[in-house]
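So the protein lines, in turn, are chains V and U.
Throughout the first sequence, residue numbering follows the numbering used here, covering 1 to 281 in sequence.
Throughout the second sequence, residue numbering follows the numbering used here, covering 1 to 261 in sequence.
Derived from the structure by calculation, the hints contain no laboratory data.
The structure displayed is predicted, hence computed values, not measured ones.
Just to be clear, a hint being listed does not mean it is correct.
Here are the simulated lysine to aspartate or glutamate pairs, EDC-like style, with alpha carbons at most 16 Å apart [stated by the list, open to error]:
1. 261(V) <-> 237(V)
2. 193(U) <-> 237(V)
3. 170(U) <-> 29(U)
4. 113(U) <-> 89(U)
5. 256(U) <-> 251(V)
6. 170(U) <-> 9(U)
7. 193(U) <-> 30(V)
8. 219(V) <-> 28(V)
9. 200(V) <-> 99(U)
10. 213(V) <-> 30(V)
11. 12(V) <-> 237(V)
12. 261(V) <-> 276(V)
13. 51(U) <-> 23(U)
14. 100(U) <-> 197(V)
15. 199(V) <-> 99(U)
16. 12(V) <-> 85(V)
17. 260(U) <-> 31(U)
18. 219(V) <-> 76(V)
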Amino acid sequence: MSRTSTSRSSEKRLLRYVDIHSPEQSTDVDLAEVASFLERLFPSVRFRTRPSILTSVRKKCIERISERFASARMKDPNKAEQSFEPMYGEIDYERRTVLGEARIGGIVYDGRRLEDLFVSILGPQDLREHASIILTDRLVSTYSTDDLRHHLRTIVCGFPSIVSLPGIVEAPAKPREYYLMKQGMELQGAGDVQLQELKKEFEGRFIDYGSPKTSEVLKGLALQAVLFHLTLQPFCDNKGCRLFNAHWQEELIGSQISSGKLCAKHENVIRRLGKEPAFSW
Amino acid sequence: MPIFAKSSESSVTRAIISQFAKDMDGFAETDVIIIGGGPSGLMAARDLALKKVRVLVVERNNYLGGGFWIGGFLMNTITVRAPAQKVLDELEVKYTMYEKGLYMTPGPLACAKLIASACEAGVSILNMVSFDDVVLREKNRVAGAVVNWTPVGALPRQITCVDPVALESKLVIDATGHDAMVVKKLEERGLIKTPGFGAMWIEKSEDAVVEHTGFCHPGLIVTGMAVSTTFGLPRMGPTFGSMLLSGRRGADVAYKHLKKL
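Turn these sequences into a full structure, and let the hints steer you where they fit.
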């Protein structure tokens with residue numbers, strides 16, 4: 001008995017499956033393309049595209065899950081921990097999102113609380129064989145100890161990792177001049193027409209909702225999630241590498257679209273892990 | 001030959017008093033009281049009245065329409081995004097397309113048509129009347145509004161001892177815009193806690209306003225910009241399409257609830 005457990009613990013465990021869950025409502029991302037991109041890098045790992053995680057919520061759990069979604073809202077960007085009793089209307093809205101009766105958008109959720117919630121929906125999983133990447137239509141944030149406030153994120157690496165589709169648009173900052181001009185226009189009470197014109201002026205310098213580039217960006221983010229699962233180190237400092245954690249839209253486009261490649265160091269790392277997707281933690 | 005028919009001053013006075021007294025008698029107990037006569041409140045009122053629900057709109061100003069008369073930068077062109085132009089079609093408001101999915105119409109035209117449509121549907125209006133407080137029933141369910149003449153609030157203290165009156169209803173809709181006055185009254189009483197505006201500017205918050213339109217407390221529905229305040233949604237600029245659709249959704253939620261009673 002003890003011999004068996006010893007031999008098991010010394011046995012190298014390899015990542016075998018990665019489930020990529022579809023976003024709750026968006027239909028304009030090509031998950032199969034993301035999966036085949038990852039399969040080319042990790043031929044021994046099976047990348048499976050799954051329906052939205054909300055489809056796994058059992059009927060009897062809908063009320064509890066809705067309440068937890070409502071409690072996971074980030075309400076004060078300056079507070080790391082947020083504890084509050086959700087309002088009747090917030091739970092009702094979340095119930096409708098779980099049932100697919102309400103559109104998701106405009107609300108920011110605490111990424112860590114969302115991760116806890118997704119863990120409870122997914123149920124027990126062997127993390128040494130199995131990774132999950134949850135794509136969501138929700139905006140997610142995490143608290144930064146650098147400046148003591150929450151920031152929107154494109155990806156929250158964890159178990160599972162969460163990739164926020166609206167986060168791709170909203171989290172990395174657009175060009176500084178865009179905000180200055182937008183602020184000036186808003187002070188003058190600018191409406192939709194003027195703001196659309198402004199967007200046209202900056203076209204190509206940021207990723208907007210419904211952009212065909214989203215799936216390409218997703219490939220890089222999904223790769224970051226896989227690398228986190230294996231090494232706990234998903235990011236690279238090189239702005240030309242797909243593992244660069246972009247804080248500006250122009251950096252995101254630069255690393256994921258214009259370059260679209262890994263740096264030399266991470267190309268080696270991925271090649272090694274592709275041959276043997278072993279855990280380093 | 002005079003242009004106008006003969007009538008006495010006393011007849012004019014009696015006509016005003018008798019009709020208003022009759023109206024007030026009906027307002028004392030109605031199906032839905034909507035506080036605020038801006039675009040979301042009027043839209044909710046119109047849709048409910050078209051379904052034969054007795055609706056009273058309480059508006060603190062002399063005029064109805066709120067900010068719907070004028071658009072951004074004090075320019076009176078109103079823009080709405082699809083699918084809100086369908087509401088303009090229903091109201092028979094002419095509009096032009098600026099680009100695919102974005103439509104423009106003169107504010108005065110859209111606002112006047114919305115007011116007319118609400119009145120023609122049978123909505124009752126109490127203008128120059130301000131919301132003062134809520135009527136609460138079992139388990140703090142909102143069951144009406146306490147109101148007073150708007151000028152009372154502007155009078156010197158010595159002569160503001162004019163008591164308000166209470167109007168009962170099955171439901172109340174808070175359509176008071178960013179102020180969310182009804183919700184704030186519940187907050188004063190410790191019955192609800194609002195987070196205020198979301199601190200981050202996020203696009204697509206219009207969807208969130210429409211989707212969060214609904215009950216925020218038993219007996220109380222929020223519509224329009226009051227939804228943003230109540231649920232701490234991101235701050236928005238003038239987005240009239242979402243106000244119209246939020247009002248419509250508020251009416252829908254109210255109607256479904258009333259049918260169950």
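Consistency of the hints with the structure:
In summary, the hint linking residue 261(V) to residue 237(V) is supported, as the alpha carbons are separated by about 14 Å, within the 16 Å threshold. The hinted pair formed by residue 193(U) and residue 237(V) fails the criterion: a straight-line CA distance of about 43 Å is larger than 16 Å. Pair hint residue 170(U) plus residue 29(U) holds up; C-alpha atoms about 9 Å apart against a cutoff of 16 Å. Taken as a hint, the residue 113(U) and residue 89(U) pair is honoured in the structure, with Cα atoms around 11 Å apart against an allowance of 16 Å.
For the given pair, residue 256(U) sits about 49 Å from residue 251(V) by alpha-carbon distance, which is inconsistent with the 16 Å threshold. The straight-line distance between the Cα atoms of residue 170(U) and residue 9(U) is roughly 39 Å, outside the 16 Å bound, and the hint therefore fails. Distance restraint check for residue 193(U) and residue 30(V): the Cα-Cα separation of roughly 41 Å exceeds the 16 Å cut-off, and the hinted pair is therefore not satisfied. For a cut-off of 16 Å, the pair hint linking residue 219(V) to residue 28(V) stands: about 14 Å separates their Cα positions.
Annotation: proposed proximity of residue 200(V) to residue 99(U) holds, straight-line Cα distance about 13 Å (limit 16 Å). Under the criterion of a C-alpha separation no larger than 16 Å, the hint pairing residue 213(V) with residue 30(V) is consistent with the structure, at around 11 Å. Straight-line distance between C-alpha atoms of residue 12(V) and residue 237(V) comes to about 29 Å, which puts the hinted pair past the 16 Å bound. Distance hint between residue 261(V) and residue 276(V) is unfulfilled; the C-alpha atoms sit about 21 Å from each other, more than 16 Å.
Proposed proximity of residue 51(U) and residue 23(U) is contradicted: the alpha carbons are some 20 Å apart, above 16 Å. Between residue 100(U) and residue 197(V), the direct Cα distance comes to roughly 13 Å. Compliance with the 16 Å bound is thereby established for this hinted pair. For a cut-off of 16 Å, the pair hint linking residue 199(V) to residue 99(U) stands: about 14 Å separates their Cα positions. A distance of roughly 45 Å separates the Cα atoms of residue 12(V) and residue 85(V); the hinted pair therefore is violated under the 16 Å criterion.
Proposed proximity of residue 260(U) and residue 31(U) is supported: the alpha carbons are some 13 Å apart, at most 16 Å. About 31 Å separates the Cα atoms of residue 219(V) and residue 76(V), which puts this hinted pair outside 16 Å; it is violated.
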